[in-house]
Amino acid sequence: DQQVKQNSPSLSVQEGRISILNCDYTNSMFDYFLWYKKYPAEGPTFLISISSIKDKNEDGRFTVFLNKSAKHLSLHIVPSQPGDSAVYFCAASAGGSQGNLIFGKGTKLSVKP
Amino acid sequence: DARVTQTPRHKVTEMGQEVTMRCQPILGHNTVFWYRQTMMQGLELLAYFRNRAPLDDSGMPKDRFSAEMPDATLATLKIQPSEPRDSAVYFCASGRGGLAVTRTDTQYFGPGTRLTVL
Chain P
1090 DQQVKQNSPS LSVQEGRISI LNCDYTNSMF DYFLWYKKYP AEGPTFLISI
1140 SSIKDKNEDG RFTVFLNKSA KHLSLHIVPS QPGDSAVYFC AASAGGSQGN
1190 LIFGKGTKLS VKP
Chain E
690 DARVTQTPRH KVTEMGQEVT MRCQPILGHN TVFWYRQTMM QGLELLAYFR
740 NRAPLDDSGM PKDRFSAEMP DATLATLKIQ PSEPRDSAVY FCASGRGGLA
790 VTRTDTQYFG PGTRLTVL
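Taken in sequence, the protein lines are chains P and E. Under our numbering, the first residue of the first sequence carries the number 1090, and numbering increases by one thereafter. Under our numbering, the first residue of the second sequence carries the number 690, and numbering increases by one thereafter.
Excised from the complex, chain E in its bound form (with noise of 0.2 Å):
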């Protein structure tokens, strides 16, 4: 049963510590979305990949946050400086990318890193 992965599933820190969180996506799949979940903005898509280039991250706050995938088993997002304002929970997904319409072609989330920023 392929899943995604994400570590850590929990994360405490102090405002101003570096954050990383990791993601692995399910093998095969060639497309890569970084998620935040907060109570106010609901899921809002921060960024995403597409055979390890990064498509769009008009969703990320730029002076903090950063994205990358160093190769196609992990994808990791950064946060330096961490701030309050980021505590949320953090999902990957990841998926084919096809246009074809059909259940395939979804995308499958990882169980989140809960982040709290002291």
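One chain only, chain P, in its complex shape (with noise of 0.2 Å):
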């Protein structure tokens, strides 16, 4: 039973819009919860995180929100470009410890130009 949830597996958008991955959790225990990027053949990067004690965290053109209640996170891309087209992976963990990230199967945004 996947904890993490990523239901689409693939997003595509034009460049310039908004990009919207979702990303759904079940265990209440989790308290830190990230995004990371992967490009073909490389490993995943570290995108932008969020402490359960908040429900947004903005950098740049990337802001994660968090709904604890929905036990539900998504991160938003504004303005999506080219090279942000790659697969996303949300993760999750609990106890703010490191040691332990759950993923979620990913999803594949491709931004069109």
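Fair warning: there could be bad hints in the mix.
Derived pair list, reagent style DSS-like, types lysine-lysine, alpha-carbon separation capped at 25 Å [stated by the list, open to error]: (1) E/K751 / E/K767; (2) P/K1094 / P/K1194; (3) E/K751 / P/K1201; (4) P/K1197 / P/K1160; (5) P/K1143 / P/K1094; (6) E/K700 / P/K1194.
Please keep in mind that the hints were generated in silico from the structure rather than gathered at the bench.
Reconstruct the complex from the two isolated chains, following the hints.
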């Protein structure tokens, strides 16, 4: 049973528009959430994170929103650029520790010029 | 620019053969993780170490997989004997493993080893 779910395997967006990637989780003990970005033939790289004490964290074009009551988080990319085309993984951990990140299966984002 | 390195980048082998994958974590990082990525399961944690001691290997099939850290600069993941279902990309990641919720405490991934078992 997956604790972190990314229900959309893929998403296609026009350049300049907003990309919204969604993630749901089931474990109420998760208190730290991250998004990783992965290009082909490379390892995932950290993008942005949010602690459960917040409901929003912004870094440039990237914003993560957390809705604890719904056990849902989303990543917004505005404006989307072709270089954002990659697989995005949502991850979560419990207890504030980095020791055990649970990843979703990823969403492949394609940003078309 | 410090990076996690993994060797080999690609490995093709036959069923029953032993496979050893190596990882050099970023200098100064005290936690090392092994992940496996497959189409069906996504990214799964296999094992992780803190200060070279294994903390959790519950994600690893114990009968054929083993993970070790002979020293602080080398982590190994071994499969013996390998099976076709082990075909996947294996990632190593390292981190500082602290409790502070800061960007520097995230995990840094290597480029992965793509394993194909025929």
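Verification of the supplied hints:
no.: 1; hint: E/K751 / E/K767; verdict: holds, 11 Å
no.: 2; hint: P/K1094 / P/K1194; verdict: holds, 7 Å
no.: 3; hint: E/K751 / P/K1201; verdict: violated, 44 Å
no.: 4; hint: P/K1197 / P/K1160; verdict: holds, 22 Å
no.: 5; hint: P/K1143 / P/K1094; verdict: holds, 21 Å
no.: 6; hint: E/K700 / P/K1194; verdict: holds, 24 Å
Comparing the model with each earlier hint shows a violation of hint 3 alone; every other hint is respected.
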